[in-house]
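Novice: Chains H and A, in that order, are what the protein sequence lines are.
1 is the number of the first residue of the first sequence in full-length UniProt numbering; add one for each residue after it.
1 is the number of the first residue of the second sequence in full-length UniProt numbering; add one for each residue after it.
Since the hints were made in silico from the structure, they are not lab data.
The beta-carbon is built from N, C-alpha and C at its ideal position, and this holds for glycine as well.
Possibly wrong hints are sitting among the right ones.
Restraint-style ranges between C-beta atoms, simulated for each label pair [stated by the list, open to error]:
hint	chain 1	residue 1	chain 2	residue 2	range
1	H	Trp201	A	Ala74	50 to 60 Å
2	H	Glu6	A	Pro51	57 to 67 Å
3	H	Trp201	A	Pro34	54 to 64 Å
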Amino acid sequence: MKTTAELIADDPLWLSIIKVVAIFAFGVVMTLFMIWLERRVVGRMQHRPGPNRVGPFGLLQSLADGLKLAFKEDIRPVVADKWVYFLAPIISAIPAFLAFSVIPFGPDVTMFGHHTALQLVDLPVGVLVILACSSLGVYGIVLSGWASGSPYPLLGSLRSAAQVISYEIAMGLSIVGVILRSHSLSTSDIVNAQEGGWYFWLLPVSFVVYAISMVGETNRAPFDLPEAESELVGGFHTEYSSLKFALFFLAEYVNMVVVSALATTLFLGGWRAPWPLSAIDGGVLNTGWWPILWFVGKTFFFLFVFVWLRGTLPRLRYDQFMRLGWKVLVPVSLVWIVLIAASNALWNTPGVTTGQRLIFFGVGIVVLLVFALLLPDKRVADDEEFVPVTGSGYPLPPLDLSVPKSPPRRRLPAAPEPAEREMEPAAVAAADKETGDGSL
Amino acid sequence: MDGYLGGYAVVGLVLVAGVLFVTVSFGANRLLRPDRPTAQKLLTYECGVDPVGGGWAQSYVRYYVFTFLYVVFAVDAVFLFPWATVFDAPGFGLATLVEMFVFLGFVAVGILYAWRKGVLSWV
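Make a model of the complete structure from these sequences and hints.
Specialist: Now the structure itself:
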């Protein structure tokens, strides 16, 4: 029995080329289909039909849009940096496809009379390749914003830089959790290691952190700050038109498919059939070409969640977004890594009794408690004058601004009272005058 | 396509295919699209008004301190990934585990310091 890596290493060149073409076709078709699906699903969520004119159910709408973009005039602002402006969409599109090369679509099959695996290449550092590709894609966004020479794209690219930096950390730390269990960075090994149980319930914290950070990493709603339409017009691609604009769209959707496919590989057992189906006939559904079906199905589950989130949640404010990344996701991931590493090592050490393990866990919980107590509290304003607005010092009028109670209006006094009051000083003055007169 | 670097050659194949894809599509785009620039079209977009000044305006990058933190954690990840593959393999034992925990502790002190300094909140 050969390993997947050895199997793939035997591929002749023509087979590799066929797989490369298949990867590109998969990426482009998924993009066209996803744009259609997103518009239809969001339309349904908002009680409107969505695109339904071009082709059956409007399926060819995105193809028509893509073709239309290719026929449009390409406008480059005079102040833009020519070469960087030209290269930016390419830099963001190509790495997106590059990441597909290590994704395992299925196990061993016979393709055109050649025994191989449904994976282009099985690198020993496969997961790192995907992380590297997603980082390279950010260069495209940052450079496009800078090269446009316009304030909105510049702001979008700055936001993107900070955002991806923050969420890349959380994503990397959540992947470390997976590697602590699988002991390998190779994607096919990770899928094989999930034969006994999928990691989404063995590593629930890693799964949740990954799921959140993958939305942040792909700049999708509710984390779509770099292209926030209502704040920055279009963000980094405001100044782009024609095919370059289309390439940004392609990159965004291919990236979505890549992170969903990676989530499937890392946490949902990759190409493995879900439980009741995997038991049929001794696991016949886990062999041959069947696994592609499960893989694509699970990937579509994540893609649907992307669309669902977009239809449900409003965009986060920038400071809330960064707070979530650095104050929640990163510390939680760090503690989680320590926890699973310690428990893993404890379980694998021979000669440790259950009582000793429980003592170790007790100590661990005490350490966690001490750590939690050391965390700085939220500062409570003890100043009476301080009016809490929205929970943060964001320099904008708060949305829940409550109009202060108007001061109690003085009732129009009854008629005799003012007369008396006005009389009094006058009377005193008159009396003074009289006494003054008297003294003189 | 065998040997240690053979796999990377295949990744390079994807890169070549990507460049080919982009070249062909840009070539087709160049042939198909109209090209009638006017001075008005070539201005940058500023919500309808004429842009004032250059595009590369000075702006205050909030959270620039995060880039320092990022470097800390990127280095952290570089050490974590290889460690995670071997930490409970035979022959490594408790020392490997504790060493990494000490390292993670130092990194955690970094983020706690930033937290205490108020770097992580909006100013």
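Novice: Against each hint, give a clear statement of whether it holds in the structure.
Specialist: Hints and how they fare:
1. H:Trp201 <-> A:Ala74: 50 to 60 Å: Cβ of tryptophan 201 of chain H to Cβ of alanine 74 of chain A: about 30 Å, so the range 50 to 60 Å is violated.
2. H:Glu6 <-> A:Pro51: 57 to 67 Å: holds, 59 Å
3. H:Trp201 <-> A:Pro34: 54 to 64 Å: holds, 56 Å
This entry does not satisfy hint 1, going by the numbered hints stated previously; all others are met.
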